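Go ahead and model the full structure; you've got the sequences and the hints to work with.
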Amino acid sequence: MRNLIDIMDLSVAEIDRLITLADDIMRTPDKYRAACQGKILATLFFEPSTRTRLSFESAMLGLGGSCLGFAEANASSAVKGESVADTAAVVSGYADLMVMRHPKEGSPLVAAAAATIPVINAGDGGHYHPTQTLTDLMTIHYEKGRFDNLTVGLCGDLKFGRTVHSLIAALSRYSGVRFVLISPEELKLPSFVKQQYIKDRRRAYTQSTTLEPVIGELDILYMTRVQKERFFNEEDYLRLKDSYILTTDKMKLAKSDTIVMHPLPRVNEIDTAVDADPRACYFRQARYGRFIRMALIMKLLEVSL
Amino acid sequence: MKIDAIKNGIVIDHITAGKAMQLYTMLGLDDLECTVAVIKNVPSQKMGKKDIIKIDSAIDINLEVLGYISPHVTVNFIKDSLRVDKRHIDLPTSLTNVIRCKNPRCISTTEWQIKHVFTLRDREREEYRCIYCDTAAPPKPKYYEKL
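Listed in order, the protein sequences are those of chains A and B. Following our numbering, the numbering of the first sequence begins with 1 at its first residue and continues without gaps. Following our numbering, the numbering of the second sequence begins with 306 at its first residue and continues without gaps.
Think of the hints as simulated: they come from the structure by calculation, not from any bench. Take the hints with a grain of salt, since some may be wrong.
Examples of chain A residues toward chain B, derived with CB under 10 Å [what the hints assert, rightly or not]:
1) Val79
2) Ser83
3) Ser107
4) Val110
5) Gly125
6) Gly126
7) His165
8) Phe192
9) Val193
10) Gln195
11) Gln196
12) Ala204
13) Tyr205
14) Asp271
It should be emphasised that the depicted structure is a prediction, and the values quoted were computed from it without experimental measurement. Note that beta-carbon positions come from the ideal geometry of N, C-alpha and C, so glycine has one too.
Laid out in C-alpha cells, this is it:
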C-alpha cells in the first residue's frame, strides 16, 4: 500500500507516468468512466477547501467511484476530541482511499500510520501539499513542455506557503532549473528548505524583495496568497497581505512566453485585469488538477484499464 | 588514583573530557542507588584526555540519549567482572521521545499520544528534524537539564 504524504514520495519516473496517464484521461475521459466503479473515496477536510476537495470528488466521480466525507472539523468527531489516528482507523473500514486536509502539520503522516487504506495528504498546515504540486507540474508540462532549464519565480508568502516548498522540492530534481525567490523579509523561504532543495542540490537562485526588477527573467511566475490562517497575529497579516500585487503594468515587463501560475484561491495579489492575458494560466491550472488527481487515485487504488 | 573494577555494570568510555557530569545528569544517573564513578581528565592515547563513567549495576541505559548527547563514546557491558559486549555509539539516525517538538502547528504538540520522533537529516551539522513538521530540533540541553 502506498500513501502520498510528500511530493518526494514519488520518483521523477512515477511523476512522468502519472502525467502520461492524466494526459490520456484528459484526451479520452469516456475510456475511464468506470475505472473505479465500486470504490469509495473518503474526503476528510478538517480545514476549509474548495478547489482541492471538489477536484478530488470530481476526479473520483469521473472515474465512476463514490465519495463520502466532511468539509470542516466541526462536522467530525474531532470536536469531541477524537485523535487523527483513531479517525483514520475508523474511516479505513468505510472507504478504499482517504484524502486528508488538516491544519496541524504531520496529521496525514499520523493518519497513514494508523490507516489500512492509502492516505493522500491534501494539505497539512503550512507544511506539504503534494497534489497541488502534481497539478503545478502537469501545468508546467502542458504550458512549457519541459521541466529542465527553467527560471522559476516564486512570489509572495514563501515562509508559510506550503505549495511553494513542495514545488521547489519537486523542481530541484530537474537540471538547469533556477529559482528567483521574491518575498518580504518576514516571509522569506525557510532556511532548511533552501538548504535541502536548492543549496544541497546546487541549484542556482537569487532573492529579491521586489517583483519588477526580476519579472523579465522569468519563464514561470508562481504567485501565492499571504494566508491569514497561518498568522497568530492579525497585525502582521494586515501589514504583509498587500506586499505583492500583480498588475497588467507589471506584466508588460514579463517575457511574451512567461506563464503566471497561482494555486488559488486568489485574494487581491493578482489584479483581475490580468486574467485576460493569455499568459495567465491559473484557471487552466485548476482544471489540470482534476486529471492528475484522477491518475493518482488510479495509481493508489492499483487500478488499470 | 585507584578506582575499583566493577563486577556487573556499565563503563562509558571515551567521553569528551569535561562532558562526564553533563552525561551523568542527563542520563539520570543521580537517581541511582548503586555506586557510580565519574572520572575526569583520564590520560588517553587517542584523545589526549577523556572522561569515563563507571556504573556498578546492569541498568538499562538509553543509547539514543547517549549517542545524541555525546556521539563517539564507547559503552562496555560488564558481567562477572568480564567485558561481555562493547558498543561504539554514533549519532542515532532517529530519536524517539528523547526531545520534544516545539512547533505549535505540529500534530505532535497537540495530541499527547503521539511519539515525538526526530530523524537525523545532516550528520555533519548534527541536524535533527521532526518527522511530522520538519521543524529543527531545539538546541541540545544544557548540562543541568534532564531530558
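Verification of the supplied hints:
no.: 1; hint: Val79; verdict: 14 Å, violated
no.: 2; hint: Ser83; verdict: 5 Å, holds
no.: 3; hint: Ser107; verdict: 5 Å, holds
no.: 4; hint: Val110; verdict: 6 Å, holds
no.: 5; hint: Gly125; verdict: 5 Å, holds
no.: 6; hint: Gly126; verdict: 7 Å, holds
no.: 7; hint: His165; verdict: 9 Å, holds
no.: 8; hint: Phe192; verdict: 7 Å, holds
no.: 9; hint: Val193; verdict: 8 Å, holds
no.: 10; hint: Gln195; verdict: 8 Å, holds
no.: 11; hint: Gln196; verdict: 8 Å, holds
no.: 12; hint: Ala204; verdict: 21 Å, violated
no.: 13; hint: Tyr205; verdict: 19 Å, violated
no.: 14; hint: Asp271; verdict: 31 Å, violated
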